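Going down the list, the protein sequences come from chains A and B.
In this text, residue positions in the first sequence follow my numbering: the first is 1, and each later residue adds one.
In this text, residue positions in the second sequence follow my numbering: the first is 377, and each later residue adds one.
Please note that the accuracy of each hint is not assured.
[What the hints assert, rightly or not] The following label-pair restraints were derived from C-beta to C-beta distances: (1) A:H329 <-> B:A718: 57 to 67 Å; (2) A:N238 <-> B:Q653: 49 to 59 Å; (3) A:A84 <-> B:A718: 48 to 58 Å.
[Unchecked claim] In silico negatives: residues of chain A with every beta carbon more than 10 Å from chain B: (4) V254; (5) N255; (6) W276.
No lab work stands behind these hints, which were simulated from the structure alone.
For clarity, every value in this text was computed on a predicted model and none was experimentally measured.
Glycine residues also receive a C-beta, built at the ideal position from the N, C-alpha and C atoms.
There are 2 protein chains.
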Amino acid sequence: MTFNSFIPPQRTLMGPGPSDVSPRVLNALSRPTVGHLDPTFIGMMDEVKQLLQYVFQTKNTFTIALSAPGSAGMEACFVNLVEAKDKVIVCRNGVFGQRMLENVTRIGATPVVVDCPWGEAVDVAKVEQALIEHPDAKFLAFVHAETSTGALSDAKSLCALAKAHQCLTIVDAVTSLGGVELRVDDWQIDAIYSGSQKCLSCVPGLSPISFSEQAISVINHRETPIQSWFLDQSLVVNYWSGEGKRAYHHTAPVNSLYALHESLVMLHEEGIENSWQRHKQMHEQLAAGLAELGLEFIVPANERLPQLNTVKIPEGVDDAAVRNYLLAHYNLEIGAGLGDLAGKAWRIGLMGYAARNENVALCLAALKDALTRFAK
Amino acid sequence: MTFNSFIPPQRTLMGPGPSDVSPRVLNALSRPTVGHLDPTFIGMMDEVKQLLQYVFQTKNTFTIALSAPGSAGMEACFVNLVEAKDKVIVCRNGVFGQRMLENVTRIGATPVVVDCPWGEAVDVAKVEQALIEHPDAKFLAFVHAETSTGALSDAKSLCALAKAHQCLTIVDAVTSLGGVELRVDDWQIDAIYSGSQKCLSCVPGLSPISFSEQAISVINHRETPIQSWFLDQSLVVNYWSGEGKRAYHHTAPVNSLYALHESLVMLHEEGIENSWQRHKQMHEQLAAGLAELGLEFIVPANERLPQLNTVKIPEGVDDAAVRNYLLAHYNLEIGAGLGDLAGKAWRIGLMGYAARNENVALCLAALKDALTRFAK
């Protein structure tokens, strides 16, 4: 059997992630590998921490990049904070709220599910009701930007409510970080995780996470041990800590962290508010064009994610045929629907480096062509 | 605050890993990111599976690369296979045997520890005794190549013993895979994990794993659910499966998998037996040179890992001063001692792309210089 080097095509990535990666980031990725305890690398990791604090808008000391994808970041938040004895209010308005529930269930904790329609934001009034009905709930968990539907929830109001009811918050910011306003400290978020491959426009495989002082205190006062060794953040912190000697935990993914560092340097150069604004502008351009093509959004206007535009597949149009055509003829990837929206919607991402004029123009032109070809 | 791009120095990596990465692999790493469900990427993943089967010398259908480092691969083996009701014989002759024990304990299973001196292979007779004394043990777990000490254990004999006692085997091949003889099917290994950054000479961050049919059957007949969602291989298999539609589990680390693919293509070009032989030859060259320098091995001659040479730090020589000098003056990294061997030993790696004549020559010349400078 013969195996050859893999030379991937040059795609434009406008699905739900991974998003387009800047050549600067790919270049950083391929720099020579150094040891994970090399002094130069440790200096870079300190900068990654500072830059993550900047993009999360937090002073949390525990702000690191987990050496695994966003779904491991989600699990790290739940398994470190939640014990079997705890009650957790979980908001479910898409696939990732469902995954949060799965995490709570596997821990053996008691979930209280607040169900909201797919394609809409989490209903703040419903959450308030749940908080009132369950004064013994210890955590409120919700997804800021639901990647499966394109809905943006009001994290600020949800966290304020949670705090008013003495609840800690666990927030999924996989798709929101860098793409929409997010202020961990101002909004009093206790545990938050994201992914490298969405609006940070880095390669997939890392999960930025941040824990508040209160979250750290909860971890330090657990009654039961954390089952996972790999995700036990009380061990991981000794490797990422800037104070004193680094303790070996696992071998850090050195090159992926080069890439994350570079993507964060780029975001810092642009300014986080400017990045939010750019995503908003690109979304407005795209939305105007989609309207001209007669495509309708799934999500109500005031609850839409600028970085993830979910539109109904027009009656009679073949979902897979259109996506395959875009890929084959334009090297353009847009996303299929996920879960309840499979076969019913497309997800058009404008994340990070992909939120550019040229991408909007290409996407609209290619979609116009495809819709003409594959209309009934 | 200003942040600049990180330009790492060009090191020669001769520690316990990460090892030197070939320019071919770094080049593959930086190729344009495609979607994790892109048809071209799925084709490449199928090749990664086939190539991993080749390097593991197995026909196991469940042979994949986990999207996280080797320590997550270890945890994946334990949490998928072992339940709280199970008894596990754990061999401990270094840091990673200790970590296996930690995994067993966190699951709540009953460990039987077979302690062997650090710097020696696992004692086969002791293991046989434990198997006789504990006929109810379900698993035997051991480290093939102890990265903390440089000792190679007799995996073939240990697995044969385990099978004779109706035990399944869980084997750590983080440092052994690609560097010494390893035959998963012939030796009847049930669950095995490795790391990308040792003798495969890929960047760190991925963990190749493989489960036998019997291991899969054990997973399918568990009485209790697996706590981890991220490491639940019954879900992961639906993404890596070649049959039918790929089910989304998490976003694969696309670029790291390009690199792993390239490193495996290189290993396939060389031939796995040739790779084992190369490691042996380079080890013999290095060992001869170390003897000339008066450096003594920790591990008895017939139990030494060719790819990880652990030598005693001579009396009166300053450990850190020597390592810092090698790094500063030669850009050469060798490893410090770990655990019981901290401050007492150096670990000199000859892993994968690092197992080359030029590396051996550099290391011996640089060590000679350093030992002269920092001798009493």
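- With 57 to 67 Å as the target window, see if H329 (chain A) and A718 (chain B) comply at their CB atoms. Once the Cβ atoms are compared, 59 Å apart, the range 57 to 67 Å for A718 (chain B) and H329 (chain A) holds.
- Beyond 10 Å from every chain B Cβ: check whether that's true for N255 (chain A). Incorrect as stated: the minimum Cβ-Cβ distance to chain B is 4 Å, not above 10 Å.
- Between N238 (chain A) and Q653 (chain B), is the Cβ distance one that fits in 49 to 59 Å? Distance hint for N238 (chain A), Q653 (chain B) is violated at roughly 40 Å.
- Query: Was W276 (chain A) rightly flagged as not at the interface, with every chain B Cβ beyond 10 Å?
  - Reply: About 19 Å separates W276 (chain A) from the closest Cβ of chain B, which puts it past 10 Å; holds.
- Query: Measuring from beta carbon to beta carbon, are A84 (chain A) and A718 (chain B) in 48 to 58 Å?
  - Reply: Given about 37 Å between the Cβ atoms, the range is violated.
- Does the no-contact call for V254 (chain A) survive, Cβ to all of chain B over 10 Å? 6 Å, violated
The structure fails to meet hints 2, 3, 4, 5 from the earlier list, while all remaining hints are met.
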